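Chains as they are written, first to last, in the working numbering: chain A, 1 to 1020; chain B, 10001 to 10336; chain C, 20001 to 20159.
Check the hints yourself; a few may be wrong.
Each computed SDA-like pair below joins lysine to any residue, with the alpha-carbon atoms no more than 25 Å apart [unchecked claim]:
| # | chain 1 | residue 1 | chain 2 | residue 2 |
| --- | --- | --- | --- | --- |
| 1 | A | 520 | A | 466 |
| 2 | B | 10214 | C | 20135 |
| 3 | A | 984 | B | 10060 |
| 4 | A | 236 | A | 395 |
| 5 | C | 20153 | A | 926 |
| 6 | A | 408 | A | 395 |
| 7 | B | 10214 | C | 20115 |
Derived list of chain C stretches under chain A, where covered just means 3 residues or more per stretch with a C-beta under 8 Å from a C-beta of chain A [unchecked claim]:
| # | segment |
| --- | --- |
| 8 | 20016 to 20028 |
| 9 | 20032 to 20043 |
| 10 | 20097 to 20111 |
| 11 | 20145 to 20153 |
Calculated directly from the structure, the hints in this document are not laboratory data. These figures come from a predicted structure and were not determined experimentally. Yeah, the Cβ is synthetic: ideal placement off N, Cα and C, and Gly gets one too.
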Amino acid sequence: MAAPCDSLIEDFMQNDDGTVPKKLSQTLVNGKISLTDIIENLGGHMTNTEVEVRKKATQLIADILHQLSHSFLSHNQVSLLSTYLCEKLKDHAFIHPPALYGLEALSRCDLISREIIELICRTIFKEVHAQSLPQSSRRSVYKILFQFLTGHLKDVQVLGTDFVYGFIQCMDSEQDPRNLVIAFTCAHIIIQHLPLGVFVEEIFEVVSCYFPIDFTPPSNDPSGITQEDLILGLRKCLSASPKFAQYCLPLLMEKLTSDMKSAKIDALYTLASCAAVYGSEKMFELQMSFFNCIKKEMFLSGDTKVEEAAITALTALIKTASTGLTQSDRKKSLEGFIEDILNECKSHLLQPELMLMKSTGRLLQAVATGSADACSQVAMVTIPLLIESYNKQTQHTPKHNVIIVLNKISETIGTFKFGNQSPLQSMKEPVLCIYGSAIDIDVTSIQVLAVKGLYLLVSLHNECLTDVDKTNMADKCLNKVTASQCETEIRSECNILLSFLLSTFPDLIQPHVYPVLFNKLHNDCMDVDDKTECDKTVILNILSEITSGLHNVKIVTQLLYKLLIDKEYLDLYVCITECLYKISTRCTDIDSVLYLCEGVKLIHQIITTHCRCPRWYNVLTNTAVISNISSFLRQVAAHWSHTVVNDIQSLYTESFLKTVSCKNCECCSIEALAQFQSNPESFCPLKPGCDCVFISVLSPIICCGPAKLQKDIPNIEEIQKYLHDLIFEPLDSVPYEYICKCVAGLLNKQEQNESLDTLLLKLLDNLSGCLCEKGNENSCYGNKQCVAALAWISKALIMRGHKLSEKFSDLLVSLLCHQVYGCLAADGFSIILTDNDDILNKSMQANIRMMYKQRFFLENLDKIVHNYHTADSDVKMNYLSALSHMLKNTNKSVILPELSKLYPLLIQSLLSNDLDLQLVTMDTLTDLIFNASNVIEKQLDSLIPQLLKMCVYKQSLKVRVSALKCLTQLTNLPLHKLLPYRNKVVRSLVPVLDDRKRLVRNEAVIARQEWILMDMDEDK
Amino acid sequence: MGTLDNVCTLEGHDEQVWCVSWNPTGTLLASCGGDKNIRVWGQEGDKWVCKSVLSEGHQRTIRYVSWSPCGNYLASASFDATVCVWSRKEGEFECIATLEGHENEVKAVSWACTGNLLATCSRDKSVWIWEVTEDEDYECASVISSHTQDVKYCTWHPSKEILVSCSYDDTIKLYKEEIDDWTCCSTLESHDSTVWKVAFDKDGERLVSVSDDKTVKIWQEYLPGNKEGVPTKGKDGAWKCVCTLSGFHNRAIFDVDWSHLSGRIVTGCGDDCIRVFKEEEGSDPNQPSFSLMATARQAHDQDVNSVAWNPKVSNMLASCSDDGTVKLWKYYEQEY
Amino acid sequence: MGDSLINANPIIYEKTGERVLEQDDFDDNVEDKIDNREVFDLIRNINDPEHPLTLEDLNVVDCDNVHVNDDENSVEILFTPTIPHCSMATLIGLSIRVKLLRSLPPRFKVDVKISPGTHASEEAVNKQLADKERVAAALENSHLLSVVNQCLKSKRSSG
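Let the sequences and hints guide you as you build the complete structure.
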């Protein structure tokens, strides 16, 4: 057995054959040779007089060890090898790297004993001078120590301060970020779990010297270590033990006052982490000095990131101060602290016209967020000051600022559970008074803040308020929203408040709200001379916004149902149905949905009885009404209980199949009736004609349920047959789309079996017959529409991942080169990939396969790119257009790898004359600049001139705007790529500054500014 | 009345053009500006073309260029605080000297009629006089700090060693050498704002100045013992403003040139116009009247920064502007 | 820097809302003239050199003091320094000038001046701002340019 082993070793020693360690380890694992064989064979080399040879032999051992699993070696083998390699550490320093590398492998072994761990550690600490090792070997040292600290902490603890000292020696002056990341983790464990003894200051020094971290990873750094990794690693160390307080706090104080923004931010967050660990006693002495630093940043820095860090730090300081063990501790550290803070802030609160007011508000909020005690103390002092300040002011801006702060305090109080002890309790009256007066000030922003304040009060401090307070609020809001001159912003805030009041205190508030609103709805329009009254559409809108909760829903829907059948209200049908829909979006409980089911039946009744009256027909088929009704039905169908499903479904399907005779019209003129006469007498939506439009109402009813229940829908097969026939009928585009959607909705969930395949193949046959017929390309109007049907059916099948879907999509792709159908086929790609609200979505329980869009993109991309290159020039556009739809709807991460083949097409799209196409392409490019800058970078030569050309594209301002936005986005690319183009871009944009459209000029100003200023941040 | 016809437009500068300057024979035109380049234009057949681009001299905007009386040297003044002297041999230009000393932007440079003296002025409020030594070295002969502000321009008398400068301090000053040093011998005050430019007439007895105050002023020198009885001091003459042309210009006037061939005055103005004025025949020399002969409206798309009469072709004119172009014009006058 | 603030606690003013877009703004056939509001929108978000606030926040510029005549190619801006001895007045004026230099079509003649009677060295500042040669030289001074660019950098999102 020794022979192959022997020759392999010679291969390695003589010829540097890198495969040897692997081969040897395999023979080891197979049991063909033993470890002793190898060592024996290596023996001569290990004792060779040439250092180089000894090094190589050690390297071979290390490499073999790295090939073995951590459970392979026995206890004895680990001990033997470890001792052996430790001996090597006493040899020439040249041998240290492979020896350490070998020990690194051994440190991972399961069967390593305490004695060996101690031996390895002590030998490393004694023999190895880490600072003179290469980076990878230093890394081995850290990894060995890390392994012991995480896997054998108890064994390491035995070594006590010797380990601490040894580690300090190793880590001292480490510079490499890859090593620092591990070293910080080790330090963190050591500080937390080992006795530091006399080395507290030393170990603090050895880590804190890196603070603050200033590290920019080199581009294409394979280690992937970020500045953030290092910052967090170091922060954990600094905040690992309260023993660091005396050293760390002065350091943080120093960095807080430095000029470097990143240092300040780091120091503030580190302060926040440390405060929690160090505890109130250690923080006590410096807390006011820290507050002063924080205050200065809040008032002067003007940088959002610094401000956020300052706020976090302040809240942490207060939280720590609130954790004193005894009452007297807390009194000393917390109350005194907050008192000092409040004294500093008082004067600003009394001068709300000044800019410091807002910053002060944020400071106080941060303090109050710290703890319930802090919150209470802040509230007790500041709220009276704010009240005083508000009442003293006559100007709007200061009042505005006071309310902002007041709202912040009130919001913070609400985050603690005070119950009856709420600090607001005693000050409720004047606070309500302020909001009450502010709501009448003729400045939108103040009114909005006041209503928001009331909302905070009632939602967070309910227990402070009496019933009268609440009804007063409701009355005030109602007055606001029903006034004709109410700003949208105020109205929506009031609606939120009213909705909350109504749903939380229905019995109390209802009598104050609904009678008033209903009354306004019933008023005869003629009576309303008063211009201060808003019109009924607004009332309906208010109802739709504020109504939720079972009881309220019942009251309002009953009213709406009455209005629906009242022909006096036909003019308001759009609003009534919209109101019904909006309310339905808030109903998910069984009882509310039951009220809504009444509406579902009522709508059925209205359509079937009134559809032969011209006036009713026109209202019912109005696109907005149809859309509201179907949205309402979908909403109900998504939540209705199985007890009603069957009733409703058969009600609808039967009337759609059977001839239902309609009520005679009593309201229309003879002329109107005469025009309507050509229509059939009864309701027959499944025959080509005027009633097909109502299929949009049928869809939600039959396409909503789970797939497995679809076959149980009464009459479903018959309905489907009619629908499939309708696809080949010439119809108006609107009802045709409804039909397609219904067909698609059903096919998507139809049970998979042979008959479905037969059905689909027949459909495919008919469609291709219709679309591929030669000679009469322009003859049939209906044929054109079949492209849409094809797209919808493809969509239904692609979504469920049906095996026949490819045949349908192939037909669609093949149509792209068609003179007439080509552009429709391109639109089909949009149908397939765009999510639709009506059908084939989650709420309709559609059968959706994961990642179907990505799959579709990848399956069809090559066909499209290939066919584009071979297609005639007059139909090339269609491919670009189809591509643009795919790009718009596919996840960017899927597109990126394909980008190189796409890029020529994208550039062609930019050169095309098709507006939509250009717009989509530019949108895609704008995204790609962020996500695939490396691809875009290489194309700047062609891209920039084209974009500049489009900035002056006369026909469409949209193109000009998009091109300018795209140019602006480009400035996110690396500076050195852009500089060669800068002068050209900046100069070329001068004429665009004089564009005839303001929107274009605005974008040109932005783009030009970004290109001029793009090297500004270089120095940061 | 007269007309100004645009003969050709010379494009090439990437930024605003600050100055145009003819060589003494009127065959070459130098221009300079914000792109830190000097362009030298000349005729090839009927066409004016760019003959040379001098790009390696200055780090910042070149504000002014000026030809030596012999036509073999070109001096350029730049915002980089230096002046370069370029020698022209067989059509090629070479920078032979860089004059350093001003603290900041040099606004103008001018050769005395003998070609032995050079004057420069700067925002550092000083005017420097440089002597040209025999081995083509330039030595500072004097630093005059008479102005209290930014000195906008300086130029020499057409035949004597007298220097004139104008400034942001609203004044015009004249200097001559007395007992080994240069001193200010006259200060002309009448403008209400920055005086951008001054120019001598053919004999050096009159000056024309233009200003940010939108006026043009004509100044006349009265020597000691003049018959008009204008008081003088010592041996120096006294300069008196004899005519103010106001109401013609709508914004600051940046340049003026007094033709030594035809006596016409041309102005370049911030209202984008070029205007030509002529002294009315038979008007009283002590109270002369000038009439506006021609206005080229929108002569340029932006401010006109510089105008210059061709020294040999009496009706030829060059101009330049913030719009980055240089234009050549022909001025025609009809007799009635 | 905090300690050297000249006016550490200025009054802040309510902001004007965003310009409301109208139907015509999207109509390619309608020409939009450059008006007071448009030019005001260009300069309102310039940062004050000293405070984390915009010129509009501080009422240094307001729409009533922007006068634009598109047909005559003229723009006049009057700005009001926060206090009469504000040493930053020239820098503010320069920032406005540079912003407009970069943003307006070059056909416009722009005058940037201090509102009469609101600054101790009104005339001197106005004269400097009107001197295009000095403005051009200032823009070649990299230190000054970076200060101006800081003022012009698009405003941080308000927090």
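These are the hints, each one checked on the structure:
| no. | hint | verdict |
| --- | --- | --- |
| 1 | A:520 - A:466 | violated, 28 Å |
| 2 | B:10214 - C:20135 | holds, 19 Å |
| 3 | A:984 - B:10060 | holds, 19 Å |
| 4 | A:236 - A:395 | violated, 49 Å |
| 5 | C:20153 - A:926 | holds, 21 Å |
| 6 | A:408 - A:395 | holds, 21 Å |
| 7 | B:10214 - C:20115 | holds, 22 Å |
| 8 | 20016 to 20028 | holds (count 4) |
| 9 | 20032 to 20043 | holds (count 5) |
| 10 | 20097 to 20111 | holds (count 6) |
| 11 | 20145 to 20153 | holds (count 5) |
When held up to the earlier numbered hints, the structure conflicts with 1, 4 and fits the remainder.
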